[in-house]
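A.B. asks: Use these hints to put chain B onto chain A, whose structure you have.
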Amino acid sequence: DSGVTQTPKHLITATGQRVTLRCSPRSGDLSVYWYQQSLDQGLQFLIHYYNGEERAKGNILERFSAQQFPDLHSELNLSSLELGDSALYFCASSASGAPYNEQFFGPGTRLTVL
Amino acid sequence: ILNVEQSPQSLHVQEGDSTNFTCSFPSSNFYALHWYRWETAKSPEALFVMTLNGDEKKKGRISATLNTKEGYSYLYIKGSQPEDSATYLCASPNQAGTALIFGKGTTLSVSS
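If you're matching them up, the sequences are chains A and B in order. For the first sequence, the positions run 1 to 114 when our numbering is used. For the second sequence, the positions run 1 to 112 when our numbering is used.
Pulled out of the complex, with its shape left as it was, chain A reads as follows:
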């Protein structure tokens, strides 16, 4: 158990809908990262938050947004969902967001868009 929690574990929804994925980092970790893993793709970095502030953005679609709250939990909002958004979404946390900090991954949320 990495200490990172993600909810829900599975989510099935229809095209055009909006969903929110939630992540709680390990106790004491200030950085939260979101990744997407689709079929035949590696882990794609989406966004990084550090202590409530956005620190880096990857290939995140404009239909997706995220935030980190004062208690350090984070939410990833996916809207106007398309079939191609079906994927495994991971959240990871690290102590300070420094590039030499190892990242601890949550169990992931499997999103299926029908």
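Derived by calculation from the structure, the hints in this document are not laboratory data. Incorrect hints may have been included.
Straight line, CA to CA, 27 Å or less: simulated BS3-like cross-link-like pairs of lysine-lysine [claimed, not checked]:
id: 1; chain 1: B; residue 1: K104; chain 2: B; residue 2: K42
id: 2; chain 1: A; residue 1: K9; chain 2: B; residue 2: K58
id: 3; chain 1: B; residue 1: K78; chain 2: B; residue 2: K59
id: 4; chain 1: A; residue 1: K9; chain 2: B; residue 2: K69
id: 5; chain 1: B; residue 1: K69; chain 2: B; residue 2: K57
id: 6; chain 1: B; residue 1: K58; chain 2: B; residue 2: K69
id: 7; chain 1: B; residue 1: K42; chain 2: B; residue 2: K59
id: 8; chain 1: A; residue 1: K57; chain 2: A; residue 2: K9
id: 9; chain 1: B; residue 1: K104; chain 2: A; residue 2: K57
id: 10; chain 1: B; residue 1: K78; chain 2: B; residue 2: K57
id: 11; chain 1: B; residue 1: K104; chain 2: B; residue 2: K57
id: 12; chain 1: B; residue 1: K78; chain 2: A; residue 2: K57
All values derive from a computational prediction rather than experimental measurement.
C.D. replies: Below, chain B without anything else, positioned relative to chain A:
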């Protein structure tokens, strides 16, 4: 090299075989090189974070080396066991050091 690249994509060995995989990463503006182990139906777990050229790290039968000047790292598994079956990912921070860029991984299958 602009991306993190891993080879081979997959590997099948017999129990007891030793094996190794390669990770190539951008050598300019180097911060660190990460190795993660990802078992089926689980989430990735960190194996090593390496920061110095010539660094060697070891955890049990698994070890890794790092060459930052030429931009590659090797992961070695000695005497592979079925429980070593997993996808091994390497990752390098982006230019700003604010995100990890992952390779597509090497999937290892060990038969008993």
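A.B. asks: Which numbered hints turn out to be false for this structure?
C.D. replies: Hints 2, 4 and 12 are the ones this structure does not satisfy, whereas the remaining hints hold.
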